[in-house]
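If you read the sequences in order, they're chains S and D.
If you're matching positions, the first sequence starts at 1 in full-length UniProt numbering and goes up one per residue.
If you're matching positions, the second sequence starts at 1 in full-length UniProt numbering and goes up one per residue.
There could be a bad hint or two in this list.
To be verified - Now the stretches of chain D that chain S is said to cover, found in silico as 3 or more residues with beta-carbon under 8 Å: (1) 63–73; (2) 77–88; (3) 102–116.
Claimed, not checked - Have a look at the derived ranges for each label pair, beta carbon to beta carbon: (4) S:A205 / D:R106: 24 to 32 Å; (5) D:L129 / S:A205: 30 to 38 Å; (6) S:L326 / D:A112: 52 to 60 Å; (7) S:T211 / D:R15: 41 to 49 Å; (8) S:L101 / D:M1: 54 to 62 Å; (9) D:T10 / S:I154: 43 to 51 Å; (10) D:V96 / S:G142: 42 to 50 Å; (11) S:V121 / D:M1: 42 to 50 Å.
Simulated from the structure, these hints should not be mistaken for lab results.
Computed from a predicted structure; not experimentally measured.
Don't be surprised by glycine CBs; every beta carbon is placed ideally from N, CA and C.
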Amino acid sequence: MSAVQTVGQVMADGVIDFDIGSLGRNFWALTIDGLTYGSIYALVAVGYTLVYGVLRLINFAHSEIFMLGMFGQYAVLMLLGFTPRGDAYDEGTVLTVVYLLLAMIGGMIVSGSAAVGLERVAYRPLRKRGAPSLVFLITAIGASFVIQEFVHFILPKLTNDKLGGVNAQQPIRLVVPSVQFSVFGADVTNVEIVIVVAAIVLAVATERFVTLTKFGRGIRAVAQDPVTATLMGVSRERVIMLTFLIGGLLAGAAAMLYTLRVPSGIIYSGGFILGIKAFSAAVLGGIGNLRGALLGGLLLGVMELYGQALFGTEWRDVVAFVVLILVLMIRPTGILGESLGRARA
Amino acid sequence: MPLLELKDLTVSYDRIEAVRGISLTVEDGELVTLIGANGAGKTTTMRAISGIRPVARGSVWFDGQDITRMKAHERVTAGIVQAPEGRGVFPGMTVVENLEMGSYSRTFKTKAEHDSTVERVFDLFPRLLERRSQVGGTLSGGEQQMLAIGRALMARPRLLLLDEPSMGLAPLVIQQIFRIITEINKEGTTILLVEQNAQQALSRSDRAYILETGEVTTSGKGKDLLADPAVKQAYLGVA
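Isolated chain D, as found in the complex:
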């Protein structure tokens, strides 16, 4: 049984269908990527999974349960946590307060459990430790992305949704972010990643889906897609 399954999912804005009957699965422990150009429906899909965009048709299944009608904030408690597009760092809160927001839905049994969760985030992103009492709005783009991912980890997600973590970042920072994403996945967290940076994403994913104008056109293993001539031409800038 897959951890996440989208069955024939359609999501529309007014009368325009941004996502048209897509189906995909994410197995426990996998790192799966959704690749596509601007407007292909990647972010819409992520929003529907998190429940902040209503589903027109089809269904969302999580851990064998139909969650299509589940409220967004309850999905966080269930284990679906998203670091949204544009990072969504709370600009007026400090780094530490932002991290605390990440564990809003979670009750720590002991103070030690809380502290070790925070420490793990600081281990992954030492930069956040340096910036701990700075407000979110004053961080650089890379730091904000680290904070967004770290904050999502605070909830101890079973499924981590990452929407374009590389957006607007310098190549070196992108490298670093992807390394950490891989590490988080290796430690056992299932990840669904949305990316335009196909090279990085495909080479690190178990599997990938390619989304074009709201429909899945291709899917397969990350490495296979990386070698696919059509994919190469469309997404990797190789003729």
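Chain S on its own, in the form it takes in the complex:
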């Protein structure tokens, strides 16, 4: 293979195989799996978009907030007495739901407090000093490394090697995926139902909160015009804290849902790719726009799986990032337009 090849040659050489047949045959299965991943991206994307809305900051450490959530929910399951083992636990439907809820709340608490803590320790001091935005960006990346390395090296020492370290956590399985019903010949599993339903509940709750409540209005006011918001008696600092909290809570919930779908994904580096995809989703929908983040997440999840069927599994991540690049080239404000402010809601 010569060093310089055109895309056409690459395709002709069979480096990329189009498999339209696979896409057609599995269309509904891909759509369902895509929506499952998409709902997870959507929840994480809200964290990027809200913080961007009020601070004009891309919080690149948000992927690590998500990662901490995976460990948080895992820790809760361990505290409840579950240990990793080859086969799944069978606790009956009601108890399983209770345990999953507890795990989710654990993930939310860990991620939510980590996000608020990150804001306090890393970003607030910079804001007080009026640092330029590039400094915030570099700090975000630095914070990301710090959190990863904390889980990589320090967490195992604190937990007697039960959590963290170089390897992924052994899965604790509470749910075995089993087909519940079919849509257009495509199977829908209990895991997919749990993920999508939980994501919808959380997304609707967040959207209602931001649209209808006083604090939600405060968030939108700061996003649209921070100075005037202050003149209305809104504490900008409190709003910033609130957006980090909401973003963190959703990331923690998403983390628990993600481990249902990908049980072996709990590792210190496990937030990185997912975080970038959620960020892509936020950009795709229109960063700063809450509904945009939700829409972008679902779209990205689905497109990624269509792409995977079309080009092959190894191209899945590429599809997501090509989407990001195309959006930035063609419509940088995303599908629903830019800000929490200008777009209503």
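For chain S, the structure is supplied; the task is to place chain D on it using the hints.
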């Protein structure tokens, strides 16, 4: 004891002093105007009173209390509410949502109290009622100004700061806005008004201060200043 008192207030941007040691008072119930050309330091003064611009020297007193270091959002709760220069209407919020933002710092005891506050604003500005579900960004300049004032009233201010409410508006709309400002004042709200439209402002004010390059050069009763030859020449376009 004055409701608002600025003592030897200095505010600077980097090393440039935009306001240089000004002192002024606003008594309870008064309508006081700050007149001055562009860059005289009027808006800077207003921002310092509201706490969104740090004070370099001197102090701000409200209701007998030194509030120089009080946080901006806490001053709103204390009763200092501003309709800022350029109106600051939230472009993506409806008229009603904008009004709700005005009462952000306030807890209504009953729903009736809330409703009557909104109704009072709609009584003063019937146009806002017509436009109630329209987003702020699509309103005309006059409507935005009405919304900015109405929104400030939602907080039930003890001191209402109005920064150039006539800016960019048609003469008829200016007349209307000034009539309403006078009415709000007559109903008992203390007002500090910043204006370039000296004719209107002076004729309706109890007292006025004239600001030139960051310093108070003249002060007195509105009507007296209106008759002052120097003021006439500088601010009323009369030779």
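Hints, one by one, checked against the model:
1. 63–73: Result for this restraint: holds, n = 3.
2. 77–88: As far as the stretch 77–88 of chain D goes, the hint holds, because 5 residues have Cβ atoms under 8 Å from chain S.
3. 102–116: holds (count 4)
4. S:A205 / D:R106: 24 to 32 Å: holds (26 Å)
5. D:L129 / S:A205: 30 to 38 Å: holds (32 Å)
6. S:L326 / D:A112: 52 to 60 Å: holds (54 Å)
7. S:T211 / D:R15: 41 to 49 Å: This hint holds: roughly 45 Å between Cβ atoms.
8. S:L101 / D:M1: 54 to 62 Å: At 58 Å between Cβs, range holds.
9. D:T10 / S:I154: 43 to 51 Å: holds (50 Å)
10. D:V96 / S:G142: 42 to 50 Å: holds (43 Å)
11. S:V121 / D:M1: 42 to 50 Å: holds (44 Å)
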